[in-house]
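Q: Listed here are the chains, written in short residue letters.
Number of protein chains: 8
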Amino acid sequence: MDQDDPRTADLGFARVDVDRAARTGDPEVVYGAGKTPDQVVAILSALHEKHPERAVLATRLSDESLDVVRRALPDATIDLVARAVTLGPLPEPRGTVAVVAAGTSDAPVAAEAALTIRVHGAGVDRIDDVGVAGLHRLLAVRDRLATADCLVVVAGMEGALPSVVGGLTGVPLVAVPTSVGYGASFGGIAALLGMLNSCAPGVTVVNIDNGYGAGVFAARVARRAEVRP
Amino acid sequence: MDQDDPRTADLGFARVDVDRAARTGDPEVVYGAGKTPDQVVAILSALHEKHPERAVLATRLSDESLDVVRRALPDATIDLVARAVTLGPLPEPRGTVAVVAAGTSDAPVAAEAALTIRVHGAGVDRIDDVGVAGLHRLLAVRDRLATADCLVVVAGMEGALPSVVGGLTGVPLVAVPTSVGYGASFGGIAALLGMLNSCAPGVTVVNIDNGYGAGVFAARVARRAEVRP
Amino acid sequence: MDQDDPRTADLGFARVDVDRAARTGDPEVVYGAGKTPDQVVAILSALHEKHPERAVLATRLSDESLDVVRRALPDATIDLVARAVTLGPLPEPRGTVAVVAAGTSDAPVAAEAALTIRVHGAGVDRIDDVGVAGLHRLLAVRDRLATADCLVVVAGMEGALPSVVGGLTGVPLVAVPTSVGYGASFGGIAALLGMLNSCAPGVTVVNIDNGYGAGVFAARVARRAEVRP
Amino acid sequence: MDQDDPRTADLGFARVDVDRAARTGDPEVVYGAGKTPDQVVAILSALHEKHPERAVLATRLSDESLDVVRRALPDATIDLVARAVTLGPLPEPRGTVAVVAAGTSDAPVAAEAALTIRVHGAGVDRIDDVGVAGLHRLLAVRDRLATADCLVVVAGMEGALPSVVGGLTGVPLVAVPTSVGYGASFGGIAALLGMLNSCAPGVTVVNIDNGYGAGVFAARVARRAEVRP
Amino acid sequence: MDQDDPRTADLGFARVDVDRAARTGDPEVVYGAGKTPDQVVAILSALHEKHPERAVLATRLSDESLDVVRRALPDATIDLVARAVTLGPLPEPRGTVAVVAAGTSDAPVAAEAALTIRVHGAGVDRIDDVGVAGLHRLLAVRDRLATADCLVVVAGMEGALPSVVGGLTGVPLVAVPTSVGYGASFGGIAALLGMLNSCAPGVTVVNIDNGYGAGVFAARVARRAEVRP
Amino acid sequence: MDQDDPRTADLGFARVDVDRAARTGDPEVVYGAGKTPDQVVAILSALHEKHPERAVLATRLSDESLDVVRRALPDATIDLVARAVTLGPLPEPRGTVAVVAAGTSDAPVAAEAALTIRVHGAGVDRIDDVGVAGLHRLLAVRDRLATADCLVVVAGMEGALPSVVGGLTGVPLVAVPTSVGYGASFGGIAALLGMLNSCAPGVTVVNIDNGYGAGVFAARVARRAEVRP
Amino acid sequence: MDQDDPRTADLGFARVDVDRAARTGDPEVVYGAGKTPDQVVAILSALHEKHPERAVLATRLSDESLDVVRRALPDATIDLVARAVTLGPLPEPRGTVAVVAAGTSDAPVAAEAALTIRVHGAGVDRIDDVGVAGLHRLLAVRDRLATADCLVVVAGMEGALPSVVGGLTGVPLVAVPTSVGYGASFGGIAALLGMLNSCAPGVTVVNIDNGYGAGVFAARVARRAEVRP
Amino acid sequence: MDQDDPRTADLGFARVDVDRAARTGDPEVVYGAGKTPDQVVAILSALHEKHPERAVLATRLSDESLDVVRRALPDATIDLVARAVTLGPLPEPRGTVAVVAAGTSDAPVAAEAALTIRVHGAGVDRIDDVGVAGLHRLLAVRDRLATADCLVVVAGMEGALPSVVGGLTGVPLVAVPTSVGYGASFGGIAALLGMLNSCAPGVTVVNIDNGYGAGVFAARVARRAEVRP
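Going down the list, the protein sequences come from chains A, B, C, D, E, F, G and H.
Heads up, the first sequence is in full-length UniProt numbering, so the first residue is 1 and it goes up one at a time.
Heads up, the second sequence is in full-length UniProt numbering, so the first residue is 1 and it goes up one at a time.
Heads up, the third sequence is in full-length UniProt numbering, so the first residue is 1 and it goes up one at a time.
Heads up, the fourth sequence is in full-length UniProt numbering, so the first residue is 1 and it goes up one at a time.
Heads up, the fifth sequence is in full-length UniProt numbering, so the first residue is 1 and it goes up one at a time.
Heads up, the sixth sequence is in full-length UniProt numbering, so the first residue is 1 and it goes up one at a time.
Heads up, the seventh sequence is in full-length UniProt numbering, so the first residue is 1 and it goes up one at a time.
Heads up, the eighth sequence is in full-length UniProt numbering, so the first residue is 1 and it goes up one at a time.
Hints listed in this document are in silico derivations from the structure and should not be mistaken for laboratory results.
The model shown is predicted, which means the values in this text are computed figures rather than measured ones.
A hint or two may mislead.
[Unchecked claim] Residues from chain E that keep clear of chain G, each with C-beta distances beyond 10 angstroms, as calculated:
hint, residue
1, D38
2, D63
3, E64
4, L80
5, S185
[Said to hold, decoys possible] Here are a few chain B residues that face chain A, going by a calculated C-beta distance under 10 angstroms:
hint, residue
6, P52
7, G103
8, T104
9, L139
10, M157
11, A160
12, S163
13, V164
14, G166
[Claimed, not checked] Per label pair, the in silico range of CB-to-CB distance:
hint, chain 1, residue 1, chain 2, residue 2, range
15, G, R144, A, D125, 20 to 28 angstroms
16, C, S62, G, A140, 51 to 59 angstroms
17, G, D67, A, A33, 21 to 29 angstroms
18, A, S62, G, A33, 22 to 30 angstroms
19, G, A146, A, S62, 54 to 62 angstroms
20, B, P52, E, K50, 55 to 63 angstroms
21, D, A33, G, A146, 44 to 52 angstroms
Virtual Cβ for every residue (Gly too), placed ideally from N, Cα, C.
Turn these sequences into a full structure, and let the hints guide you.
A: Rendered as structure tokens:
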């Protein structure tokens with residue numbers, strides 16, 4: 001029986017893996033989808049109590065959960081665009097990730113990625129509204145792309161932005177397809193396929209709308225890269 | 001019974017619609033896939049005889065058909081890259097279509113489009129190797145794009161080129177996805193979806209590898225546009 | 001930093017590309033899906049102020065947005081079928097696009113295409129209820145099809161109408177699949193595939209329900225064709 | 001144990017259901033795909049011996065099987081286009097099925113349907129090359145369509161022909177999609193979807209290239225209809 | 001202009017093809033999905049007025065439309081399971097169609113097929129709850145299957161029922177896949193594929209949940225077969 | 001480093017997990033696809049040497065591999081239908097699995113399942129040619145189905161056999177879809193979906209053509225069940 | 001006519017197969033989806049009355065149905081997580097099935113499987129929260145896995161848990177994909193494909209979220225295995 | 001005109017982008033698929049001549065191309081497993097990428113990744129045959145995983161390995177699905193979906209069999225990380 005396993009916290013409705021931080025160097029995170037507001041508050045509190053010196057992150061929160069958290073945990077910081085919450089002090093940023101978004105509809109995913117990166121210990125440079133149908137905007141920020149330690153590129157519809165960005169610089173690039181689009185975009189499949197088939201070498205991809213996963217990955221890369229000359 | 005219909009030519013194995021030119025203003029075309037070399041030669045000859053003053057086009061020819069046509073019809077012009085043949089004089093070009101291709105692997109489809117455009121009465125400006133991962137090449141030909149009467153943009157893999165080109169100019173643009181790619185490109189589906197979901201307004205699409213269809217359409221547009229001031 | 005870029009208008013929640021008109025010759029357009037009514041009004045007003053002499057178009061508006069726009073912008077013209085709005089004077093029509101729809105359920109997409117065409121500077125001839133299962137209606141309008149400068153053909157279900165129309169005339173034809181249908185129509189995929197595989201040469205296709213995209217393209221073609229003899 | 005079941009014939013490598021004719025009124029049929037030439041000959045002979053007074057049909061035969069059958073069974077009738085063979089006298093035709101094909105590439109499937117219909121006891125009226133992009137050919141045979149007892153309509157690419165034919169007449173109509181096409185036709189899926197979503201009521205569909213299945217069904221309908229006034 | 005075409009009735013929001021009956025021998029039908037209750041009432045009334053001596057059918061009616069029709073047209077007959085309505089006297093039945101359903105969830109589709117058959121002039125024999133996992137029920141009705149003039153077999157989930165029924169009898173069989181199921185049934189696709197790939201020869205298929213289409217077809221077959229000895 | 005791990009045998013081109021038998025109670029198995037004939041012989045010999053007292057199985061062998069094995073390992077037993085080989089004595093059978101196949105084309109998959117079951121320690125009862133379109137054959141073997149300890153049911157096309165068998169008995173049933181079929185059977189996907197959506201409760205499924213996987217599972221079930229009263 | 005068939009109970013809106021228990025040894029089960037609360041109560045009562053000595057199971061109940069059952073049948077036992085109800089005494093457990101779930105979101109499916117197993121006569125050992133990204137939890141319960149008579153392994157997202165569990169033990173294993181996930185998980189398709197392609201031999205699969213089907217199967221296996229030494 | 005663009009080398013049949021190294025810090029690479037052996041040799045030579053001090057890489061070479069390169073360029077190093085070639089000295093390795101492969105069939109993709117990493121300036125630690133069905137092998141190399149600067153994890157079939165590895169360590173992880181598998185693995189789609197839906201956070205994915213893309217990305221990450229304390 002592992003019910004007394006010190007690596008897990010048993011909250012009755014869930015066993016929380018409080019050991020992952022030790023294994024991976026990452027903070028604890030609560031995936032809010034499918035959880036009641038009270039469950040979100042309970043898990044956030046339990047994790048915060050265990051490690052008050054570092055931030056806990058909760059993502060994919062419903063309107064109701066955001067509201068309950070705001071009232072139950074006044075010290076929490078709410079990010080309405082990202083639909084996410086942090087509790088506890090953010091770490092000092094090591095290295096920088098540029099989070100690049102194609103259109104305004106991609107903002108929630110970009111915001112989730114950006115907040116995840118900060119919680120996981122890296123800094124963020126946000127670059128918005130640089131879709132490929134208006135190249136002059138993208139070319140104007142070429143230097144910011146080249147000096148980042150990692151890139152997270154967020155786009156829906158045809159998902160072409162990572163190919164263009166990937167041709168401009170050799171910085172490691174994580175592409176995030178979003179479910180923005182209609183008709184034969186299939187909830188982000190068109191963008192996902194576009195990114196998987198990018199003609200720019202060295203583009204990697206995460207699941208549709210998965211700003212969190214891209215953020216975890218990019219922060220790990222940026223933290224390691226930070227001390228280079 | 002329509003067996004004496006003057007609008008069709010009965011070759012035994014096929015009835016050829018020799019009336020389409022009258023209805024649509026386009027030349028006769030032989031779709032070579034699935035036809036024997038002898039059938040291709042027979043149909044080309046029959047159509048050429050009926051209208052020796054204008055070109056007939058045969059597309060999608062096998063190596064064997066190209067070979068048999070070369071020997072049987074010494075007056076035919078062979079295009080090995082397009083895998084196509086013309087018989088009879090090409091018309092005077094009216095208007096210009098720029099045929100833009102992303103990579104060298106897209107050359108056969110671009111060549112089929114270009115030859116089709118010429119046979120259908122418009123002129124061609126070929127622009128090759130301008131993939132989105134190397135923007136400087138594309139930006140260098142911006143003027144040629146803007147002065148064309150219609151654009152045919154050919155790309156495989158993620159199919160991003162039409163979005164970028166469509167953001168640079170307001171010339172009518174027909175996108176052609178190619179089956180170039182591997183893995184999750186699904187024989188051109190990724191490029192097709194990318195083009196259907198283009199963030200640049202006014203992009204239209206034809207079937208995968210359908211250089212012929214794009215060429216017919218673009219020539220019709222260019223011929224009509226030619227006389228503008 | 002490009003925050004003072006004269007080519008964009010920064011509204012706080014969005015940077016609007018007011019330079020596209022210069023690049024492409026097209027008017028400004030607001031894609032209303034996912035925007036709040038207040039955002040729609042704000043963008044419409046900002047764009048109209050910048051260029052009061054030409055029309056701005058807003059598409060894909062919710063019931064609520066249509067209502068708010070009506071009250072906030074009394075000078076706006078509301079098209080309830082197209083779920084779209086224009087503000088400012090429509091341009092003089094140059095050339096004519098025939099907008100052909102298969103069934104009454106296709107009316108919203110056809111209306112969006114028609115309004116887009118007018119805003120983009122071409123004239124419109126609407127031809128409705130000419131599905132392929134009742135050929136006599138279609139054959140009765142054959143002349144109107146042949147004298148247009150471009151055709152936009154809208155159909156759901158099996159999407160067969162562009163093939164039949166494309167066999168009747170050589171006018172450039174843009175097909176628009178609609179999401180009308182049920183069962184194995186897959187929200188318009190069956191019609192989309194039918195149009196991509198049309199046996200009539202020279203048919204091009206846009207995304208499902210994309211009346212706007214077809215309209216932009218067709219207006220560009222018609223405007224160029226208008227001055228031919 | 002059913003090894004002595006009089007309703008089956010055990011040939012060692014297969015047990016043949018010789019009782020189906022009694023249950024369904026149909027002749028015996030050998031599906032040749034995946035069978036060796038010798039197996040085809042053995043089954044044909046066994047079935048013919050059991051009922052020499054009626055025809056046996058073998059379909060989907062390879063070049064090699066067609067060749068071996070020709071030499072081993074000189075009384076067999078070979079249909080090279082349908083890739084099928086009959087042995088024994090064809091029944092008197094009761095009722096008529098019109099087999100309508102869109103293009104020359106659809107001929108093998110139409111031929112398989114036609115031969116199946118004859119073997120299953122109905123007569124056949126073949127109507128070829130009446131694709132929807134050339135309506136005048138189809139309208140010319142309108143009377144032959146209306147006087148048939150059942151229609152089998154064969155088409156590839158977008159599969160639009162059954163919709164048009166179904167709008168011209170109320171005769172029961174079975175549609176057969178063929179794998180003719182390329183790109184996003186997906187080996188006949190586009191045509192299959194087009195037919196399933198036909199806007200003409202009363203269209204039924206069989207599997208891709210399944211001329212045999214359509215033929216069995218249509219013959220059953222025509223045989224029953226034959227004696228109507 | 002065809003605005004005075006006697007073959008259509010213009011109701012303002014729709015042109016109704018009142019000539020189809022003459023072309024196909026079938027009654028007029030109103031497809032209710034996407035129409036307002038008032039539109040349904042208006043079309044039913046217009047069609048009924050034109051031909052009070054025969055029945056008009058309206059299908060796919062919403063709760064609200066059923067309610068409005070009941071109050072506005074007291075002479076109409078309402079079928080709550082089929083979600084359909086008839087107005088005017090049903091024709092004398094000629095021939096019989098057996099409508100066979102696998103499970104209770106398939107009842108609405110079977111009811112729509114049955115009512116359609118009656119309106120289109122044939123008689124109906126309903127056979128319910130004969131799924132393949134309980135063969136004894138099906139074997140008990142074998143005689144009723146064999147004496148019908150046509151079969152409509154309705155099933156969801158794996159769609160196996162037509163294969164089993166098709167092996168028991170040679171009566172023409174139309175299979176209707178329903179959207180009953182969950183998980184990897186994909187809203188009826190699993191059943192549709194099962195029916196298209198039926199190992200029983202002579203099975204034809206209509207679109208998912210398309211009881212209406214199957215009914216039109218089956219009635220046409222049964223009416224023709226009725227006078228056989 | 002685990003290079004001296006006694007649980008693996010390093011053959012240079014592969015490390016073989018010789019410990020799985022201890023973990024799972026199953027024999028060693030060589031998956032022959034993608035291996036050269038010499039590699040197959042080498043692995044078979046190495047495994048046989050280690051445990052000469054029990055059988056080793058090699059599956060999915062090419063013609064060439066079967067030939068090389070026959071000459072190199074004269075003690076091996078070749079199963080040409082299953083394309084598989086055993087080396088070493090088969091275990092005493094404990095419990096019985098009935099392997100049921102719908103058609104003769106399903107024989108190779110059924111044979112692979114049957115041989116796998118024997119090698120994994122259970123007995124086999126083969127029941128062939130009992131497709132659902134000829135129910136009398138299946139009903140004749142009902143007793144053999146009911147007395148087995150586990151059932152493996154193999155079928156292609158619509159994959160309906162497991163539903164029918166599963167309705168006749170409560171014996172645990174593993175369904176194996178085969179790639180037998182054409183057109184919209186998608187290489188076995190139609191059968192796979194049919195089996196996953198079976199209306200008979202308690203049907204489990206393995207991958208397409210995976211006779212081996214079904215055999216391993218069924219033998220495990222039968223061995224455990226054997227000693228029941 | 002089978003209306004007096006003692007093997008079915010006619011409730012007006014449904015005929016219930018009360019004979020299945022005799023054929024398969026399993027209890028009666030009511031599939032609640034799509035049934036009204038009153039229908040659920042009526043069927044439960046009818047089945048319970050017929051066999052008060054054994055449990056009846058109702059699954060997939062809506063909130064409303066759960067509520068109505070609670071009030072109408074006070075003797076029923078409600079399982080809110082499984083959304084299921086039992087009426088009548090549970091049988092003595094014979095053999096044990098370990099129900100293994102990857103994450104807390106998989107709990108409803110695991111609960112449905114567990115309750116089904118108990119109703120079908122076997123015992124249950126629940127093992128929760130043992131996802132593959134935290135192997136230590138899974139390794140800690142290795143003994144419980146090895147001593148079970150059958151395993152039901154429930155997982156969403158990538159569905160990797162059955163492969164890992166299947167490598168640890170040779171106990172028969174049924175995998176249940178859940179619809180837990182987002183983006184390209186396609187409502188459980190990713191997990192389903194992962195399980196069908198498991199590299200661990202002897203893994204069988206049921207439909208997405210089909211805890212009931214897995215439970216029926218596993219209980220049958222465990223009951224048979226129970227008496228082994 | 002860019003024909004004299006110093007950033008491209010014109011070889012007649014292709015313009016090579018020799019400027020990408022300057023933009024991205026990466027070496028030149030020749031994608032061999034679809035190129036003739038002579039073209040491969042010509043491009044390799046041209047690139048090597050331009051920069052003899054650094055390595056050029058050619059991937060996806062046919063047997064014939066490998067053979068011609070071996071004879072034409074005796075200084076080239078051939079990697080038969082990776083089907084790739086290098087010409088010129090490899091750079092000093094900075095940082096280390098662990099390349100982890102599930103099975104022997106994944107070796108070609110792992111070898112392509114490993115060689116790409118070396119050519120792009122990082123070191124490689126190869127870890128093979130550590131599939132999830134034999135966890136002890138994977139757990140034995142846990143330290144090597146944790147000390148790498150980046151991980152490339154290669155797996156086919158269900159693609160579960162990245163989830164398990166990602167749970168053991170926080171090192172940045174790029175997953176490569178391979179086309180190894182059969183049946184419903186769809187040429188690598190099952191593995192691709194499994195990886196996109198990984199329950200381990202921070203897993204990114206490249207296209208199927210794209211060892212090259214993963215290698216480019218991982219080398220970029222490792223080079224940057226190398227100088228960390």
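Q: Could you check that no beta carbon of chain G comes within 10 angstroms of the beta carbon of D38/E?
A: D38/E is indeed farther than 10 angstroms from all Cβ atoms of chain G, at 30 angstroms.
Q: Regarding the hint that L139/B lies at the interface with chain A, is the smallest CB-CB distance below 10 angstroms?
A: 8 angstroms, holds
Q: Say whether it holds or is violated: E64/E keeps its Cβ farther than 10 angstroms from all Cβ of chain G.
A: 20 angstroms, holds
Q: With 10 angstroms as the cut and Cβ atoms as the points, is G166/B at the interface with chain A?
A: 6 angstroms, holds
Q: Taking the minimum C-beta separation from D63/E to chain G, is that value above 10 angstroms?
A: Given a closest Cβ separation of 15 angstroms, the condition holds.
Q: Can the hint on P52/B be confirmed by a CB-to-CB distance to chain A that is less than 10 angstroms?
A: Since chain A brings no Cβ nearer than about 45 angstroms to P52/B, farther than 10 angstroms, the hint is violated.
Q: Against the range 51 to 59 angstroms, how does the distance between the Cβ atoms of S62/C and A140/G compare: consistent or not?
A: Cβ of S62/C to Cβ of A140/G: about 53 angstroms, so the range 51 to 59 angstroms holds.
Q: Would the hint on G103/B stand, with a C-beta cut-off of 10 angstroms toward chain A?
A: Nearest chain A Cβ about 7 angstroms off; hint holds.
Q: Could you tell me whether the CB distance from S62/A to A33/G stays inside 22 to 30 angstroms?
A: 25 angstroms, holds
Q: Could you check that no beta carbon of chain G comes within 10 angstroms of the beta carbon of S185/E?
A: 8 angstroms, violated
Q: Please check whether D67/G and A33/A have a Cβ separation lying inside 21 to 29 angstroms.
A: About 26 angstroms separates the Cβ atoms of D67/G and A33/A, which means 21 to 29 angstroms holds.
Q: For the hint 54 to 62 angstroms, verify it against the beta carbon of A146/G and that of S62/A.
A: 41 angstroms, violated
Hint check: violations occur at hints 5, 6, 8, 15, 19; the rest are consistent with the structure.
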